[in-house]
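Chemist: Note that the protein sequences, when read in sequence, are chains A and B. When we follow the numbering used here, the leftmost residue of the first sequence carries the number 1, and every step to the right adds one. When we follow the numbering used here, the leftmost residue of the second sequence carries the number 1, and every step to the right adds one.
In case anyone wonders, no lab produced these hints; they're calculated from the structure. Each residue gets a CB set at the ideal place from its N, CA and C atoms; glycine is no exception. Keep in mind that the hints are not guaranteed to be accurate.
[Claimed, not checked] If we take Cβ atoms under 10 Å as the criterion, some of the chain B residues that face chain A in the derived model are: (1) Gly15; (2) Phe74; (3) Tyr75; (4) Leu188; (5) Leu194; (6) Trp208.
Here is how the chains run, residue by residue.
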Amino acid sequence: MLDMLPSLLRGLAVTAGVTAGAAALAVVAAVAAGLARASRARLLRWPAAVYVEVFRGTSALVQLFWFYFVLPFFGVELPAFAAGVLVLGLNTGAYGAEVVRGAILAVPPGQRDAAAALNLGRLQTLRRVVLPQAWPAMLPPAGNLAIELLKNSTLVSLITITELTFAAQLARAQTLRSAEIFGVVLVLYFATALVITGGMRLLERRAARGLERGGR
Amino acid sequence: MFDWRYAWDTLPALGAALVVTLQATAGGMAIALVLGLALALARRSQRAWIAWPAGATIEFVRSTPLLVQIYFLFYVLPEAGLRASPLVTGVLALGVHYAAYCAEVYRAGLESVPRGQWEAAAALNLGRFRTLAAVIVPQAIPPVVPALGNYLVAMFKDTPLLSAITVVELLQTAKLVGAERFRYVEPLTLVGILFLVLSLVSAAGIGWVERRLQSRH
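For reference, chain A alone in the conformation it holds in the complex (with noise of 0.2 Å):
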């Protein structure tokens, strides 16, 4: 069995690139898809909307099979990583765009009001009141949607990424021990997850003093 560590903290390697490409790529389009859908203007908000609902509605693993194995026959050939850190930050950034939406309705209407009065732009009172606000509330929700990625990493291992769960495969076909690796595998996913839980209480916490800060 620790022979077999190595290759599978290999994997845990990979498992940890993919989740933060993917991870980088989600906040990018939940920001971007949440704005959108807050957005008064109707050819904002429509093809976000078409892009949450697709990609909350279908399976992840649909997804990702169909952008590996579909999206060739147009001409549009991806490489099995590419394809995974796509879709899976696609597929989160869809649940993403929904906290951002929530967390910026949250916001008090007579703080875009009161942006208004000081003759703030669109972008600035976005920028500088806005987003300030709803960000702390964001962060939660954010770090159960990371924890949910992390476990959605595993689908990659089916488009033969060797990261962790693939890793896992491989050794046990090895080594027949399926108990062992398997349940060693199981810890290494819960130990990821605790740190990734950790650090999004430390960024709340700063959120929080940010706020007591700036006052309110």
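Given the structure of chain A, go ahead and fit chain B onto it with the hints provided.
Modeler: Showing chain B alone in chain A's frame:
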């Protein structure tokens, strides 16, 4: 680009696979609802040796990937001498995974029951079991039905993971059909549309139930 005739031809196979997917969802949800309630009650127990392991189980199962849990059961159950078909193994994995989520939903429901209800049951000299079964649980469950419904939809969308242990559900069927002609566009797109339509319909159904529950209170 999109061959409608081929798409039409794949429909019967996908329809049969949809039955397997729905069976897996129903079986998994049945386990999740029962086991989830048991876990939620155990976590609230006053005896630490019951409450602590229940809490640890819920946290561990929720924080680890479903796919690894599926593999774990698929490979380890036979080694422990339990022979089960891939479908049964998969249903069990789905049930246990979502039981941990449902337990947290039930917990919210249980905590929302006013303390006076417990005291009234004690005043009526009801035993612990009757207090739960006749007073507390019937009040705890209706408010959380929509949340449980959301997990039903989430589980439905997770059933394609069972294809990893050779269960021939929707996604696996789409792959098999596609492999025959080496053309995946139609079957995989149809599977995606099927999931989208069924998820949207069930989400609308949950919204309807939620509104009815709200109007009752």
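Chemist: Does each hint hold? Answer for all of them.
Modeler: Hints versus structure:
The criterion of a C-beta within 10 Å of any C-beta in chain A is not met by B:Gly15, whose closest approach is roughly 17 Å, and the hint is violated. A hinted interface residue such as B:Phe74 counts as satisfied when its beta carbon comes closer than 10 Å to some beta carbon of chain A; here the least separation is about 9 Å, so the hint holds. The beta carbon of B:Tyr75 is positioned within 10 Å of a beta carbon in chain A (closest approach about 4 Å), and the interface hint is therefore held. The beta carbon of B:Leu188 is positioned within 10 Å of a beta carbon in chain A (closest approach about 5 Å), and the interface hint is therefore held.
Taking 10 Å as the C-beta contact cut-off toward chain A, the hint placing B:Leu194 at the interface holds, the least distance being around 9 Å. The criterion of a C-beta within 10 Å of any C-beta in chain A is not met by B:Trp208, whose closest approach is roughly 17 Å, and the hint is violated.
Hint violations for this structure: numbers 1, 6, all remaining hints satisfied.
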